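Peer 1: Here's the letter readout for the chains.
2 protein chains.
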Amino acid sequence: MLRSARVWFAFSVSFAVAAVAACSATRTPTSTAPASGGEAAGPVTVQEAAPTLSGVEAVDAAGLGKMWTFDNPPLQYLEERYGFSPSSEWFEHVRLASLRSGGCSASFVSPDGLVMTNHHCARGCITAVSEPEHDYMEEGFHAPAREEEPVCPNYYLDQLIEIEDVTARVDAAAPADASAEEATRLKQAERERIAESCQASGDLRCQVVSLYHGGIYSLYKYRRYDDVRLVFAPEGQAAFFGGDPDNFTYPRHDLDVTLLRVYEDGEPYHPEHYFQWSEAGAEEEELIFVTGNPGTTLRLRTVAQLEYLRDAVYPRRLESYEDRLSVLRELVAEDEARAAAARNQIFGLENAIKAYKGYLSGLNDPALMASKQAFEASFRAAAVAADAELDGKYGGAWDEIARINERLMEFDPEFRYTDVGYFQTLELARYIVRYTREMAKPAGEREWSEEDVEEVERRINSERPIERDYEERLLAIRLERALDVLGVDHPWVRAALGGHDPQYAARVLIRESGMDDVDARRALVNGGVAAVEASNDPAIVFMRTVVRWTRELGQRMEELRATESLHEERVAKALFEVYGTMLPPDATFTLRLQDGVVRRYPYNGTYAPYKTTFHGLYDRAAAFDYKDPWSLAPRWVERKERLDLTTPLNFVSTADIIGGNSGSPVINRDAEIVGLVFDGNIEFLPGRFLFREDDAGRTVSVHSMAIIEALRNVYDAGELADELQGR
Amino acid sequence: MLRSARVWFAFSVSFAVAAVAACSATRTPTSTAPASGGEAAGPVTVQEAAPTLSGVEAVDAAGLGKMWTFDNPPLQYLEERYGFSPSSEWFEHVRLASLRSGGCSASFVSPDGLVMTNHHCARGCITAVSEPEHDYMEEGFHAPAREEEPVCPNYYLDQLIEIEDVTARVDAAAPADASAEEATRLKQAERERIAESCQASGDLRCQVVSLYHGGIYSLYKYRRYDDVRLVFAPEGQAAFFGGDPDNFTYPRHDLDVTLLRVYEDGEPYHPEHYFQWSEAGAEEEELIFVTGNPGTTLRLRTVAQLEYLRDAVYPRRLESYEDRLSVLRELVAEDEARAAAARNQIFGLENAIKAYKGYLSGLNDPALMASKQAFEASFRAAAVAADAELDGKYGGAWDEIARINERLMEFDPEFRYTDVGYFQTLELARYIVRYTREMAKPAGEREWSEEDVEEVERRINSERPIERDYEERLLAIRLERALDVLGVDHPWVRAALGGHDPQYAARVLIRESGMDDVDARRALVNGGVAAVEASNDPAIVFMRTVVRWTRELGQRMEELRATESLHEERVAKALFEVYGTMLPPDATFTLRLQDGVVRRYPYNGTYAPYKTTFHGLYDRAAAFDYKDPWSLAPRWVERKERLDLTTPLNFVSTADIIGGNSGSPVINRDAEIVGLVFDGNIEFLPGRFLFREDDAGRTVSVHSMAIIEALRNVYDAGELADELQGR
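Chains as they are written, first to last, in the numbering used here: chain A, 1 to 727; chain B, 1001 to 1727.
By construction, these hints were calculated from the structure, which means they are not laboratory data. Be careful, since some hints might not be right.
[Unchecked claim] Footprint (simulated), chain A over chain B, 3 or more residues, beta carbon under 8 Å:
(1) 1382–1396
(2) 1399–1410
(3) 1622–1634
[As the list claims (entries may be wrong)] The calculated lysine to any residue pairs, modelled on SDA-like cross-linking and capped at a C-alpha distance of 20 Å, are:
(4) A:Lys357 to B:Asp1695
(5) B:Lys1640 to A:Arg642
(6) A:Lys627 to B:Glu1285
(7) B:Lys1441 to B:Ile1466
(8) A:Lys640 to B:Glu1457
(9) A:Lys627 to B:Thr1647
(10) A:Lys627 to B:Ala1304
(11) B:Lys1354 to A:Val637
(12) B:Lys1640 to A:Val637
(13) A:Lys640 to B:Asp1265
[Claimed, not checked] From the structure, some residues in chain A lie toward chain B, with a derived Cβ separation under 8 Å:
(14) Phe84
(15) Tyr263
(16) Asp391
(17) Gly392
(18) Lys573
(19) Thr606
(20) Pro609
(21) Ala623
(22) Ile682
(23) Ile708
Here the structure is a predicted model, which is why all the values come from computation and not from measurement. All C-beta atoms, glycine included, are put in the ideal place defined by N, C-alpha and C.
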């Protein structure tokens, strides 16, 4: 079913966005400077100042999780926690069998170049190769023969060939007496030079990754595979069974897998390193590893930052999602015909609300905050304050951050309640006011770049209709809130209300504005500042009055955040100076090794089992009378009798993942595939802030045997099962 | 599996206890006074003082639930909420097909006297008819022929033949100027007379039930069936699949059913009224009714009382359960051989902890407390305070209760932390001290009854060994807590510690006491007060020192509670004067009609479906690798292929049940069986204090089709399925 898969995609999109954000700081165009090697940057004062924690203890106490880099594998930790000592060949093999795609992870799983990833990661390809008479998102896809495997347009996979430590070189680019901003700029330039020269030297893709917020700079060299073809995809309904309600949850019953094949020179590629298939998957309590590209974690945030998120940002964001949802539901209730159009928006909001409630539940969990506080306090006292040098460099960072967050908290109500981003009417008015003022300036003095100007012009000229019912109702609610929170004398509120009540003001601002008429917008733009100044359009009048105030507020928030980010780096560096690579770096959408065990967890007054089975799929479908999103794809109805219904379908582990890990392989000690990561459970959401080994957060994966059983008995794709199993 | 079923029984035992407590106040020996009819006692001032709530609104706002009596069926409410208007024949039929057994409910389900109840309600019978070579709790039971249906010893079923309103007669027994205590005594005597004369007039069992705390007195006349035989029982493992972990939870997969048959004069009894079987069970959102005998609810408790439970009683009770559990776990960890013996205790404690955490979660839920507060405040203001007469009679009750609960809260720490009930050593010492003092008094002046004396003698002479390891460790923990909470100068603490630390004091009190030697105990008893006074036994010395203090504390608590209970009656009567039978009375372990709809609920970030299926059973078993308590009985493994696995197994509804409802039939509008109540979900536990129509609390029932499918295809009991389905 298209619509269900679509929202999964929203989840994967947020992974992708996170990933892009993580990359954009470090991705580099070409240049000519030569790359130089560097020594492994180690901890500076580990022995002296570190609280006396062993590897495992430190990992558990810090709550930074278990996302290890391949150039600093946690040998001591793995030995200590699991008695497992993989060889360097093991690490190399695992690294080279692992892949990255746009916002997702993947892996080589056969000698003939088969690649496994999530269905929701390959959605673009599945949609692109669909034909007018065949929607493969709905029907599923199975190439009848290798020659008929269709190319995924604009799809590529990156393989991490080598990691080179370039810390010394990057650091050397900034003189010791440079200011923080200057050092950042110089280092960034050096990173770009290193990456460019690396790319110039061959056909590799190169990226200098900042790990530990500049504690280590690593040159990541990728080989890119860009002839990737679609081999197999189940029906969207099988991949995303349970749809949005079951999203982020477990027990789960999703076959969220797609098989692709890499080609080289028109022939299937034969990778030297690929993951073999395990015989039966992982047992309960078995050690497993995930290899993938986690995007972003907020685990270095200080207590003060989390409090700001907890007390201001997330509750207000949730409130605004809920306002939007309530208006949409109202409109749908009044007019059934709107249901289809509003459905995706409603799903998206419901999912966002679920996620933010999960985050908030973590931040409101006294145990989580207590862990965070305990580690922060003991680290500051025992490691930083106890060492004069560290204290001088980093000691003040936490208090600075706390101060900044107090300021952010002060500005937050104004920032949130004057946000007009959900109202096209007001957004367009704002663009017009700003655009005409910008254009009135000489070209050299404009704040906007060429791209900014083009983007704004595109929006002003867009024919996309405005949903005035929706905007009017939502604005009335939001103005009511602004009035409550900011007070009637606030300049923005005064300008918005114009002496009326929120209901009336919203009607005037939305209904009486001509912003829904593209010609009226063009006329204003063409008339320039004078036309805008003379306009009586209520949205224009409102925006004209508040645009300067809004911009100043925005700038103030931006400045605070920029300063905050400098102090965040100090916190990160303090940790790195003390613990070095004993703790893993924050997620950067680069390849990590993520250890865990397959394990049940307490839920719902009892236990969630470590795995589900095909019986569970048929149970849940029947239990909802096969109503969407718990309907079954036709093949699954027809071929039920062929299946061994006790085959495991999904399973959970304590591996530490985050967005970007979608499509990651799950492997055992022998580097054999036992599963495929596709989600976390609801308890996993607070892992955004703090990873706790003993909590109920779990990674949810497709079980390796489910893939084989489905290929053989649902999809008549025995040849692919044979290929995966090496038969 | 015996042990699993056993703990289910513990759940049913607590139902039974609640039921007995509810009955004992109203059950009456025989007497000669004639029964007189009475007019239906109605609301006194409904029109004048009631807040303007309709039937449904009042029911939802009050939170007293939906446990209706058959003599005051909620006709207006049913019409208003469901558009359903059953006839008086419907009510009579339903009432006469419903049955009550010891602590449970049941029903007639065939013209040949088949009776359906829960497996956990028939455990006594199943165990009793087991043979040395056949444990029917483990194997299940199916009588090969009617002649071979074995008699359940000491088992009977009561059918509610008639309800007669005797309010006027009971009220007339107390003159208007009698004190509260005197009125209670006189009314109680009148109730006994009424019941006795009723029983004397035929072979009925009679009971005068106080509903609405004396707002209505009803004479309930039962016909008792005491030749009840076992027809069919599944394996304990099938009835209690998932054991203690899954207890109180849903999704669930239990075939918690047993079929019995009533005989009369050695032949199957042919009841005039029995429930027919529905064709396919209930659909989602379908209206259903439960008929059964709910035991006890605490829904009339005031906010102050709930706060006392929330802040003192339940947290301290939980703490003591957790202390006991931690000691047991420690002992088992040290000595595997103890595991078997400790297992039932551990399960029992785990279950109690789960239940109390559920209750506490309700009390700690701000929304629940807010509902309670809102209704209480509006009722007091709009109904009571606004009416001078009501205000004079009842206005002060809530404040009195609040004052008493403040006092209870003050005494509570002493009461809880000086409780030695878990320590046989100390209990026995206390009995000996008190027994010898009692026996030294002339017979007429003793506080103890003959039965008390006999009971104490039985305990003193018991050969039951004392677990000294357990008692010593637990006492050390409890003394530590008493020291923390009460302080070192508290007389009880001083006496207990004797100048030592808790660890040492516990060792002395338990190890150096001779209380584990029955001869030593007898010697002290035989030596009388002089021997006790002269004893150096540390437990005796301790108890000798504190016994007077402990008794005084106990008496103070008792007095407070007695006064509280008088004011509780005032609260109940105020409600009844305002709402009359518009609201249902508190649970009294008498027959009620409990309406609800079959409905999914939000759980775990998604929805729990309204039903589970046999697929779910096989899923959950496989998901735990068939490990106990998720193993399958052999027949269920062997005969899986015969089953339609999409058959519904359990389902949930919004019916309002409580302990005592186990075994209740679930019927549809046509009074056909659609299920069999056996539990609530975890969210249902706070329903003890407040019933909320829109929350996630649900009644969990066995689906009618599951019973048929299992009888036909697992148990080769097609003839029983035919009998149930009328084929």
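Peer 1: Tell me the numbers of any earlier hints that the structure contravenes, in ascending order.
Peer 2: 1, 2, 7, 8, 10, 11, 13, 14, 15, 16, 17, 18, 23
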